[in-house]
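Chains as they are written, first to last, in our numbering: chain A, 1 to 162; chain B, 1 to 170.
Some clues are possibly wrong.
Taking lysine-lysine and the BS3-like style, the derived pairs with C-alpha atoms no more than 25 angstroms apart in a straight line are [what the hints assert, rightly or not]:
#1 B:K164 <-> B:K123
#2 A:K20 <-> A:K89
#3 B:K126 <-> B:K164
#4 A:K60 <-> B:K131
#5 B:K154 <-> A:K152
#6 A:K22 <-> B:K164
#7 B:K126 <-> A:K51
#8 A:K20 <-> B:K164
#9 B:K96 <-> B:K162
#10 A:K51 <-> B:K164
#11 B:K96 <-> A:K22
#12 A:K152 <-> A:K60
#13 A:K152 <-> B:K96
#14 A:K152 <-> B:K164
#15 A:K20 <-> B:K162
#16 B:K162 <-> A:K152
#17 B:K154 <-> A:K22
#18 A:K20 <-> B:K98
Just some of the chain B residues that point at chain A, by a computed CB distance under 8 angstroms [claimed, not checked]:
#19 F39
#20 P70
#21 Q161
#22 K164
Ranges between beta-carbon positions, derived for each pair [as the list claims (entries may be wrong)]:
#23 A:F126 <-> B:T113: 44 to 54 angstroms
#24 B:P60 <-> A:A87: 33 to 43 angstroms
#25 B:K123 <-> A:D58: 18 to 28 angstroms
#26 A:W127 <-> B:P59: 15 to 25 angstroms
#27 B:R158 <-> A:T15: 21 to 31 angstroms
#28 B:P59 <-> A:F126: 16 to 26 angstroms
#29 A:A87 <-> B:K154: 38 to 48 angstroms
#30 B:V23 <-> A:M125: 48 to 58 angstroms
#31 A:K152 <-> B:K154: 17 to 27 angstroms
#32 A:Y156 <-> B:K154: 17 to 27 angstroms
#33 B:P60 <-> A:A103: 44 to 54 angstroms
#34 A:A103 <-> B:L106: 42 to 52 angstroms
#35 B:D132 <-> A:F9: 23 to 33 angstroms
#36 A:L96 <-> B:L74: 32 to 42 angstroms
None of these hints come from the bench; they were simulated from the model.
Every residue gets a Cβ at the ideal spot worked out from N, C-alpha and C, and that includes glycine.
This is what each chain is made of:
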Amino acid sequence: MFLIGVIAFAVLSLTAFWIKPKYIHLFELLAIWFSVTAVNSPIYSFFLVNKQWITVPDNKELSLIRIIYTELICPLIITWILDESLAVKHAILRYLCYLVTLAILFLAGFALHLLGVIHFSSVGMFWYTPFKAIPLIIALFSVRCIRYLMRKDGIYYESTKY
Amino acid sequence: MGYIMSQQNINLCFNIVFFLSGVYLVYRLPQRLPITVTFLIMNMSLAIALGLDHTIGAPPIDLYDTNIEPWLTLTEILTWGMYPISGYLYIYLYDKLKVRGYFVPLFILCWSTFGTVFEELAKTFKVFVYKDWAIRYSFLIYLFTQLLTTIVFKILMRTYQKTKGKEGFS
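Here chain A stands alone, though its shape is the one from the complex:
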């Protein structure tokens, strides 16, 4: 039942994101999504296998939930928030949005811990948010890269909201 709920949540969130008005270019959105997915996946292995900061139950349903979170929900959260925040002109507001992103990711990780999908050790819980900042930083870096490359390719796109 829990798995069904997570799948339904992921599908509906993706649909909502699909239909909502976007403030940044498709190339920027894809750059964020792909970068987050690429960085997020090895972090899990690093936590689980290298450092053993988390343990996972031997349950296929729970592992599917974790996969959906890592591969769909987490990139979606970061892409959605960056789509809203990168178009904001005020730097302080933008930085606040980044902090909110980290807070949401921490809460999501903590929720997975409470629900038994993953079990954090105390060290793992401590390092979770700093490590989760890496996908966010890489996403911001990839946006910079793609904007530079877009200008080189002759695509001029001003993404502004406020």
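Chain A is already provided as a structure; the job is to place chain B on it using the hints.
Then chain B, alone, in the frame of chain A:
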């Protein structure tokens, strides 16, 4: 211990040779595609491959390991570097050969077969160590991945052509 060390060295050599050859090939090929599209296709290839390696290739599903050890090692970086190169070469050839119509599935089939053969070779050099995995599953994964790459490439090119030169497009 000596056996493991020699296996690790062979594995490392395989990774270095193919990574550097791939980088050289990409560097030497004339630029055909927009840099943005190239960047995104490479990024996507990396995301899909790492996504699979660290979900179905990690506990508790754990169908296979990469580069002998189950944990992350520095050798992984070379293997990761090969994924964007293969994605780029696929799209480069797709564009260069002007694959259209019924040749698209044929091209996908050929590249998936090539990918499967290359993976078999990589398996010999312990780049992939199968547990509950088989090469025939990889063929299917390649088939879906190439199809997805082709679709994304078409969308990217259409968007590129639509937005190029337009100022303040929204």
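Could you tell me which of the hints above the structure violates, numbers in ascending order? 1, 3, 10, 11, 12, 18, 21, 29, 30 and 33
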